[in-house]
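Please model the complete structure; the sequences and the hints are all you need to start from.
Chains as they are written, first to last, in my numbering: chain B, 1 to 112; chain F, 1 to 119.
Since the hints were derived computationally from the structure, they do not count as laboratory data.
Note that beta-carbon positions come from the ideal geometry of N, C-alpha and C, so glycine has one too.
Any given hint could be a false lead.
[What the hints assert, rightly or not] Heads up, incomplete: computed chain B residues facing chain F, CB under 7 Å, no partners named:
(1) Pro61
(2) Asn99
(3) Val100
(4) Ala105
[As the list claims (entries may be wrong)] Here are the simulated DSS-like pairs of lysine-lysine, each with C-alpha atoms no more than 27 Å apart in a straight line:
(5) F:Lys71 to F:Lys5
(6) F:Lys5 to F:Lys37
(7) F:Lys56 to F:Lys68
(8) B:Lys9 to B:Lys71
(9) F:Lys71 to F:Lys37
(10) F:Lys68 to B:Lys57
(11) B:Lys9 to F:Lys37
(12) F:Lys37 to B:Lys57
(13) F:Lys56 to F:Lys37
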Amino acid sequence: NAGVTQTPKFQVLKTGQSMTLQCAQDMNHNSMYWYRQDPGMGLRLIYYSASEGTTDKGEVPNGYNVSRLNKREFSLRLESAAPSQTSVYFCASSPHGANVLTFGAGSRLTVL
Amino acid sequence: DQQVKQNSPSLSVQEGRISILNCDYTNSMFDYFLWYKKYPAEGPTFLISISSIKDKNEDGRFTVFLNKSAKHLSLHIVPSQPGDSAVYFCAASDLSRGYSGGGADGLTFGKGTHLIIQP
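Below, the structure written as structure tokens:
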């Protein structure tokens, strides 16, 4: 049982480049989330999808877009990467209405 | 304004002793609290939770205490083991507001405490 799978695990970008972080879960969860973790900042919610077909902004959405491709997959796109987006990104999922999240292993992104 | 505060960035405890991790919150509407544990290069994993209708919840070596009047919760690990060395995140939510986002969209995380268990 894979749980939540994120790709890639590591990525280095130049300022202005674009990229997409992929996330897939196999637990039949309705809700999916993207967080970023920065040193000394804890986990901050970027975007979430309560169910297939819906997406909403979280605490720090600027510079990002998301797509809920189907019930399993939720991608995060950086259209024009900036150094401030250097971070570790975590995808998570939960059954609808639940606070208990299952996280992926994280994607470490560096923007030069 | 940080609504969930973990004021100790790190904590060092000897193996076999009790580890106490603290968390303070400012939003009196928070009514559900969780602790997550994170190892390096892995995602956080759920550890234990407590509802505001309780003041204590226990799961094996882990106990969470909630003091609503002080807006304070703590995680006790007894006895501490080397495998407990990790970053611990406190999180809080207001379940009463009825989330449209699936539930966890209302979670507010603390900055984390790095627990180091010394042999």
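- Item | Restraint status (C-alpha distance of Lys56 (chain F) to Lys68 (chain F) at most 27 Å) | holds (11 Å)
- Take the C-alpha atoms of Lys71 (chain F) and Lys5 (chain F), compute the straight-line distance between them, and say whether it is at most 27 Å. The hint holds at about 11 Å.
- Does Val100 (chain B) pass the interface hint, meaning its C-beta sits closer than 7 Å to a C-beta of chain F? Constraint on Val100 (chain B) satisfied, holds at 5 Å.
- Message: For the restraint on Ala105 (chain B), tell me whether the closest CB of chain F is nearer than 7 Å.
- Response: OK, holds: Ala105 (chain B) within 7 Å of chain F, min 5 Å.
- Distance restraint between Lys56 (chain F) and Lys37 (chain F), which requires alpha-carbon spacing of 27 Å or less: Judged against 27 Å, a Cα distance of about 19 Å means the pair holds.
- Pair hint outcome, Lys68 (chain F) versus Lys57 (chain B) [Cα-Cα no greater than 27 Å]: With Cα atoms ~30 Å apart, Lys68 (chain F) and Lys57 (chain B) exceed 27 Å; violated.
- Message: Given the hinted pair Lys37 (chain F) and Lys57 (chain B), is their Cα-Cα distance within 27 Å?
- Response: Satisfied, since the Cα-Cα distance of roughly 25 Å is no more than 27 Å.
- Hey, Lys9 (chain B) versus Lys37 (chain F), does the alpha-carbon distance stay inside 27 Å? holds (20 Å)
- Message: Is the interface hint satisfied for Asn99 (chain B)? The criterion is a beta-carbon contact with chain F at less than 7 Å.
- Response: Cβ of Asn99 (chain B) sits 5 Å from chain F, so the hint holds.
- Taken at face value, is the distance from the CA of Lys71 (chain B) to the CA of Lys9 (chain B) at most 27 Å? holds (22 Å)
- Query: Does Pro61 (chain B) pass the interface hint, meaning its C-beta sits closer than 7 Å to a C-beta of chain F?
  - Reply: violated (12 Å)
- Query: Are the Cα positions of Lys71 (chain F) and Lys37 (chain F) separated by 27 Å at most?
  - Reply: holds (21 Å)
Hint compliance for this structure: hints 1 and 10 are broken, all remaining hints hold.
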